Amino acid sequence: MSTAATTEIKPAPPVEKIKVKVDGREIEVPKTMADPISGKPIPTTMIQACELAKQEVPHYCYHPKLPVVGNCRMCLVEYGMPAMGPDRKPVLNADGSPKISKMPRPAISCATPVSPGMEIYTNTPGVKQMREGVLESLLINHPLDCPICDQAGECKLQEYSVDYGQSASRFVEAKVHKPKAVDLGPRIMLDAERCILCTRCIRFTRDIAGDDALGIVNRGSYNTIATFPGLPFDNNYTLNTVDICPVGALTSKDFRFKMRVWFLKETKSVCTSCATGCNIIIGSREEKIQRYTPRENDAVNGPWMCDAGRLNYKWIGREDRLKDVLVRGQKSTWTAALNEISDKLKKAPAGSVAIIASARQTNEELWLISKLKAKLGAISDSIPRDGKGDKILVSADKNPNTNGARLTGICFTEMGINLVKISDGIASGKIKTLIVFGENIVKRAVANEKLRERETISEVVDEHGITAELLQKLDTLIVSDILPNETTKLAHYVLPGAAHAEKRGSFTNTKGRVQKFMKAVEAPGDARAEWEFLHDLVHNVTGQNGFVTIEGLFNQMAKEVPAFNGVTWQALGDTGLTVQI
Amino acid sequence: MSFQATKELEAEVDELVTHYPVKRAASLMVLHAIQEKFGWISREAVLWTAKKLELPPINIQEILTFYPMLRQEPMGKYQIKVCRTLSCALGGAYELREHLCKKFGLDAHAHGAQTTSDGKFTVEFVECLASCGTAPVMMCNDDFYEGVSHAKADEIVGKCK
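Taken in order, these protein sequences are the chains called A and B.
Start counting the first sequence at 1; every next residue gets the next number (our numbering).
Start counting the second sequence at 582; every next residue gets the next number (our numbering).
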């Protein structure tokens, strides 16, 4: 592997190690670990030591990425410390080992720092009894409505009830009733009766999202999570609170009542809504995508993702998807269309072909296009997609693979500067064939004269001069896209492509992290993954035989594209690798 | 009285804030000052306080809803607080409250503070008023009464003009 590719963003500074025992097993843990919010070193806690020892400690309010509050009491453990004699020296057993004095009271493992020689006991009868007690208390006012609860199947209350719960409740008194189906914000619904008041949501929105919108109102058993009346919980990260809610209190309005979670097929993928490339899990059933949830990757998105990206999946299942190969408006077959296109391209004189690829395509596809480009002597570019970013996850660049397009040579560092050459080339008749991938170029087109006027005023070059009128001057317009649009209507050849959820591939994010994604659902009708038909096209036109598998294709690309040198499909793993961009 | 951010209030709150190391710490005293002036703390008052202390309004709402003595709606001119902790409960506090409720035409079985429609009286139960030897006891605004029989209660109420 080359030195450019690394799995870590930054190496952890050396930290003093201390030895502790977890259930009799000695392990070494760092004395301090980074605070999840400030990043400053703070003492390692017992629950972190247990995690390092691969010993799960049940918990509700503790979350590794949030500040510790210690209010649920579920993570209580017993522990012992090396006994000290009056001379401040450790007392030893007959065999020379330090004598451990067991502490008379338990401690919450999430908020108690470890110290050298500490012994943590997570599985004693006492600990089990405490967990049973805590769980019983948490369930006192819980409605026990799992059969109609969206959280069922991924609910910590359910899971720990199996481990520590009782089959029947001893609570015979009337339960406290609290508000149900509370509209907290445009995407979040609260069932206050299910809430165990762990405050994960409050801490998340205050410390991670930076929008202190939630709090606990009222008192005692009437405690309820709430927003200030009239101020909805509405930032771009609200749906993360649904993920971290350990119970069914916060539910996503988009997903609630849609699907039992155990029916979902989970596929590792990457969000395509901006250049950050948050790692996601696509939950799908019977070829229909039901939801996106973030997949933890500390090098990119941690365990979070934005609401906009999370909800941006519905277009994939749209009814009007392009499903047929069209040749001059007539339904055709892949073989016929690709042969026809290959023949035309082979005959095309150098410089008469232009390619507009999309920075929403994968590294592999862009690389195959660059092969075509080299053979045809074509001019190429891609369309920039600028929007608003934020300081958390959202990038101002709305293309998921801008760096892929740059590294494969489809566009220059400044994307879109070749578009004016392409529009001039079409206008002058030099460019006769245009190949467009996944971009509705007509949408942002402004007649050249007007565009020049505008450029003198502002530097924003989101618009370009390739208008519908210009496209009609072309001899051949080949368009591959996923959804129908004005450009596909003008095309002589329409090649239906696949959404990222329908194929495998990789993107290079804004920081140069190359991340692969898997196929969740089948593409509709005759639609095919672009890399598959591009492979055929490149073979026909250039005579080069590539690879018919995505693994082979990626590895071949990694050999030929300098930035990817040394990276392999396998080495990307689930969380990707960072390359020099 | 409806909330108004008067210069007087502003000056008082600015002074209160100086007593504390951080602005948030003044929250409770600011709410007291507002209630003192207006009798209750309206939504506008919470928003004003939050802005004044540079906090999200939910932080103030949490405090307001936690303490029952911080009022979220206008109360009567005379606020009658009947103690219901053990000694008073045994000494007839429930009967005393029922008597007062009937007198004012209020629901004796309703939970929480109730105010007469003319806005003159509010009746509510409170916890221990610290005079267990003289049960039942009650307060009418800031005045404290011990050994309150129904006749004595009528007399106290009669003096409220």
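Don't read these hints as lab results, they were simulated from the structure.
If you're wondering where the values come from, they're calculated on a predicted model, not measured in any experiment.
One or more hints might be untrue.
Listed next, the in silico SDA-like pairs over lysine to any residue satisfying Cα-Cα at most 20 Å (straight line) [claimed, not checked]:
(1) 632/B to 212/A
(2) 604/B to 430/A
(3) 65/A to 302/A
(4) 258/A to 430/A
(5) 375/A to 430/A
(6) 632/B to 232/A
(7) 604/B to 212/A
(8) 604/B to 210/A
(9) 632/B to 430/A
(10) 180/A to 604/B
If you want a taste of the chain A side facing chain B, the calculated C-beta under 7 Å gives, among others [unchecked claim]:
(11) 145
(12) 209
(13) 217
(14) 221
(15) 228
(16) 268
Idealized CB from N, CA, C, for every residue including glycine.
Violated constraints from the hint list, given by number and in increasing order: As far as the earlier hints go, 2, 4, 9, 10, 11, 12, 14 and 16 are violated by this structure, in ascending order.
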